[in-house]
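Q: Taken in sequence, the protein lines are chains H and G. The first sequence stops at residue 680 when you use my numbering, and every number in between is there. The second sequence stops at residue 680 when you use my numbering, and every number in between is there.
Accuracy of the hints is not assured; some may be wrong.
Remember, identical chains collapse to one label, so a pair may be satisfied in a single copy or spanning two.
Unchecked claim - Simulated crosslink set (DSSO-like; lysine-lysine; CA at most 30 Å straight-line):
1. K319 / K206
2. K292 / K365
3. K299 / K419
4. K365 / K153
5. K334 / K373
6. K526 / K325
7. K526 / K319
8. K676 / K563
9. K656 / K325
It is worth saying that the hints were derived from the structure and are not from the lab.
One-letter residues, chain by chain:
2 protein chains.
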Amino acid sequence: MVCNMQSQRRTIMSDKVEKLEKLAKLIRYYILTATTKAGSGHPTSSLSATELMSGLMFGGLFRYDPDHPEHPNNDRLLFSKGHASPLFYALWLAAGKVTEEEMMTYREFGSPLEGHPTAAFPYTEAATGSLGQGLSIGLGIALNGKYLDKLPYKTYVLLGDSEMAEGSQWEALELAAYYKLDNLVGILDVNRLGQRGETMYGHNLEAYRQRISAFEWETILIDGHSIEEILDAYKKASAVTGKPVMVIAKTVKGKGVSFVEDKNGWHGKALSEADLEKALDEIGEVDKSIRGETAKPQDLRPEEPDIRKAAETSYRKGESIPTRNAYGNALKRIFPEFPKLVGLDGEVSNSTSAEYFKKAYPKQFFEMFIAEQNMVGAALGLATRGKLPFVSTFGAFMSRALDQIRMSPYSDANIKFVGSHAGVSIGEDGPSQMGLEDIAIFRAIPGSVVLYPCDAVSADRLVEEAAGHKGIVYIRTSRGGAPVLYDNKESFPIGGSKTLRTSDKDKATLVGAGVTLHEALAAYEELKEEGIAVRVVDLYSVKPMDGETLEKAALDTGFLVTVEDHYPEGGIGEAVKSMLSGSSTPVYSLAVHKKPKSGKPSELLNYEGISRNAIVGMVKEKLS
Amino acid sequence: MVCNMQSQRRTIMSDKVEKLEKLAKLIRYYILTATTKAGSGHPTSSLSATELMSGLMFGGLFRYDPDHPEHPNNDRLLFSKGHASPLFYALWLAAGKVTEEEMMTYREFGSPLEGHPTAAFPYTEAATGSLGQGLSIGLGIALNGKYLDKLPYKTYVLLGDSEMAEGSQWEALELAAYYKLDNLVGILDVNRLGQRGETMYGHNLEAYRQRISAFEWETILIDGHSIEEILDAYKKASAVTGKPVMVIAKTVKGKGVSFVEDKNGWHGKALSEADLEKALDEIGEVDKSIRGETAKPQDLRPEEPDIRKAAETSYRKGESIPTRNAYGNALKRIFPEFPKLVGLDGEVSNSTSAEYFKKAYPKQFFEMFIAEQNMVGAALGLATRGKLPFVSTFGAFMSRALDQIRMSPYSDANIKFVGSHAGVSIGEDGPSQMGLEDIAIFRAIPGSVVLYPCDAVSADRLVEEAAGHKGIVYIRTSRGGAPVLYDNKESFPIGGSKTLRTSDKDKATLVGAGVTLHEALAAYEELKEEGIAVRVVDLYSVKPMDGETLEKAALDTGFLVTVEDHYPEGGIGEAVKSMLSGSSTPVYSLAVHKKPKSGKPSELLNYEGISRNAIVGMVKEKLS
């Protein structure tokens, strides 16, 4: 009896293996034909992971409803090695969700099957292709499953061996272990070869095991072409608790096509028509009608967060409050209205004031330590699961994650970035801590919004505006206290500005934002005493910009002076000049032109020529 | 006899320890007084590493001639935890190189003793303060010692425990082991506390040992306040061969001042006057006259590289060559003229063509794998030792190292960055691989130069110009072939441009660079056929920009059209518009406005409206 059951199990198992082998053939067929048709792509990097991926998707453990990719309890699969996109698309073909005809549009203009996966393809969890990002995104999705939605789905990330050189991977490894993400499984495709030659560790799987297990992940070493070992590994992985799992698979780049197998010089190259023919001969007969099935997810729904009564914030005109503090208060205030809000901070929450939110709603906050790349990747992962991440660190350190930031629009991501300690006005800490290129960076992100409040009221309102806006928003906050200028009832729509001083005798227009707005107001007073009327505009929305107000200023007044605590290039001055291109009204731009140093904020504003004195001087010079 | 010698050794040892204890007292005194005087700074982070650093500098092993910081065989010490600058400066006070008066200018405007070390202080090897950068810089210095200069100096890097969360640290760890840098010693100050609370691993030294030794470093665990253990550790470290060493030290944040020791909430805070008094009482009597001595370095000089006869390059007009290939050729050609040149590439040397140089001069090239942050840090380290690093990867992936790039001017660094595969014109690989914000990034770096050749001849010359220019230079190269336009004798000074088509009937001026220059030339031909004369300017020097030529174009022609394969913000269009601000001649900017996708280069140029057709259309629209 026992004997019979065992043999029955063996038969079921061998049927399953046989079917997976057929599916692998089908997938290889489409990897090769689609790339040759396209004339480019990465067939060899796809072939090495074919069994790993078909075994995962169709081996019975992966739970996903292909008719409902949005199902909150679907397992999730990311290709961190995004160049293996032919495999990715062929998997979904094998799942019945891509037709042969569609597959053959791979890399064509207008096809959702782009060279590296993007949001154009509905089964892409997040756009990849810049290596070393997928594990962080997966970490965000896993954080969501374990701590927010409290759903049992698992997140799988296919990783390349070459990309393990990226530091961001080790950030993700350390944080995933810290957060005990036993719902996260990495699958490391060790095919030995990078783009231009052998990786640092070649086929030494032990080198990976040693490092990854030191980071307190469970590791499972397998032959990445043995379906039995693969199925066994995923089964083992699903039983691990309290830590994440890395399946480390020895594979052969180009597997299945003898004349490219394990050979250097075949990265990112499609086969010629003649080579394709040879390759298909080697693969043998393909059953094009076969399709794989994923297991169905349990139909569970996310937990809802605890929401308390909205906190009230109101500020007294004239009181001195740093905009960074208003940011922290605002998160607390708006959470009831935006219950998907999640805070992430890179070990500086006491400076960015994200800690105000953390203290009020600890379950909605993740400490991401000094690992900004992973923080941004994780934010994207959370965003893919419908969360509304607010990511904060010093404006200067946003630069650490620029590759992740620039990739996020290709995932149609909804993420808010908040950079504190902007500009030379932070003072004594010196240039390493000064965000001086953050506006340029975030302006260059397609579709982005860049906001720069000058006081607590506008900071509060702009946080709310950002939360309500779908897409990438950057909010720049300041270290030092600034007097409250606005009434609590004031509204600050994205794309607007505030004209704070105006008369029909304005000789010039001063355009400031953040700390320089206060300098502009002080300059206004000095100039007024000398009988010189100027207009003052608070350009709190740097992108999009209130062109109408600026164009009117260019018509009404003799010239504009922009003042910004930022390097000139890509900043407010260039944005305003570009907006007014073709107008004969000159725009003079005051910005950080000299290499900054330590000193008192006022000394540095003077040194860089962006203080009230510099503004007054510029206006008088141009009027004389 | 044996007994006597042992006891004598013990006496020498205890004299040494006694002196080091006195020096530690002196250093603590200045850490505390200077920060209280400044009213800011990081005394507690300095106090934890006081014995570690005084033991290193004055314990007999550190070889440095303080009168000749430029000596090529000095050992090198970097503070990766740059916020411990009070300790750094106090060390050099104890070495007799900073006076008490100077020490008391800490963080004042104009003082070389800035909040975080910068090039303003002569003993700063490289500016730090953005965490997680020092080990990569040290790695570059160690690469230089072991493989280029072949000098026996050692490089020591003081690391904070909190910054070990940065992925860049693990990039440096893996690469240092790969290159067997037994001349590199990290000193990890495990004081348990980050800025806002406990680090990921607290005082669990084993967590660090496990991870770092898995990365194949020798590890030595010590009590970081025991001078005996410290001296013993450095002695052991200096005996290790074939791999780098990490001294992992258990320390107490705020050590020596009982009421701040190991307490949260004291990061980055100076003591009040009253607290300072209490603290100094605890420290007890300080011998202000005591000074430490460093050991003298052997007076050795660097090895010179093997140089072969200059390679000739000449290009035939009209032949199609990608500028990235011309880059590789140019490096080979100019090496005899620039024998300090070193190539670094992030595992894409077959794409950037850096491999041409690597194959010709393998000893001058370092494969840095897919770890761009460490690559840029290492380049800075090499630059500090007088080398001329050319750092290449895809333009898109420069974004990965922006924090390191933005920090480099604060070290007065001389580094050349070369980003290939710029723009949508790379085609099928899609947006993840397209450099579309690289111009914006590099323009925002203070003092930078941004060059963008359109053909092989100009690429060749601009590489030479870059090599001869001291500072940060970015060269943007293209993937696809482009016809050679220029004669081999042409020169391309930084800040210049080339007017390729001009007449006295020009209705408009087309400003292109790189791939769009060829589109502009094609548009010229089409417009000419319709009887419309236009000027065509090759703006190969994007920063600085040839204002004279553009101003003349604004005077001579009705309008300008800029065309760029880059996002609009911070790019060529904004730069030209800013240059011509106040001129009534309009500038119309064609740039990448839509989210890019996969497709043929020509399809994408058309889709984004930056092709010849778009230019012709724009000119005709504006003329109608």
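Q: Now tell me, hint by hint, if it's right for this structure.
A: Hints, verified against the model:
1. With identical chains, the CA atoms of K319 and K206 are never at most 30 Å apart, being 45 Å at best within one copy and 35 Å at best between copies.
2. Taking the closest pair of Cα atoms, K292 and K365 never come within 30 Å of each other, the shortest separation being 45 Å inside a single copy and 61 Å across copies.
3. With identical chains, the CA atoms of K299 and K419 are at most 30 Å apart within one copy only, with a shortest distance of 20 Å there and 43 Å across copies.
4. When the C-alpha separation of K365 and K153 is checked against a cutoff of 30 Å, the pair qualifies neither within a copy, at 45 Å, nor between copies, at 60 Å.
5. In the homo-oligomer, the alpha carbons of K334 and K373 never lie at most 30 Å apart, since the shortest distance is 78 Å inside one protomer and 40 Å across protomers.
6. For a Cα distance limit of 30 Å, the shortest separation of K526 from K325 qualifies neither inside one copy, at 38 Å, nor across copies, at 39 Å.
7. For the identical chains of this complex, K526 and K319 are neighbours neither inside a copy (46 Å) nor across copies (42 Å), given an alpha-carbon limit of 30 Å.
8. Taking identical chains as interchangeable, the C-alpha atoms of K676 and K563 lie at most 30 Å apart only when both belong to the same chain, with a minimum of 10 Å there against 37 Å between chains.
9. For the identical chains of this complex, K656 and K325 are inter-copy neighbours only, at 16 Å across copies versus 57 Å inside a copy, given an alpha-carbon limit of 30 Å.
Hint check: violations occur at hints 1, 2, 4, 5, 6 and 7; the rest are consistent with the structure.
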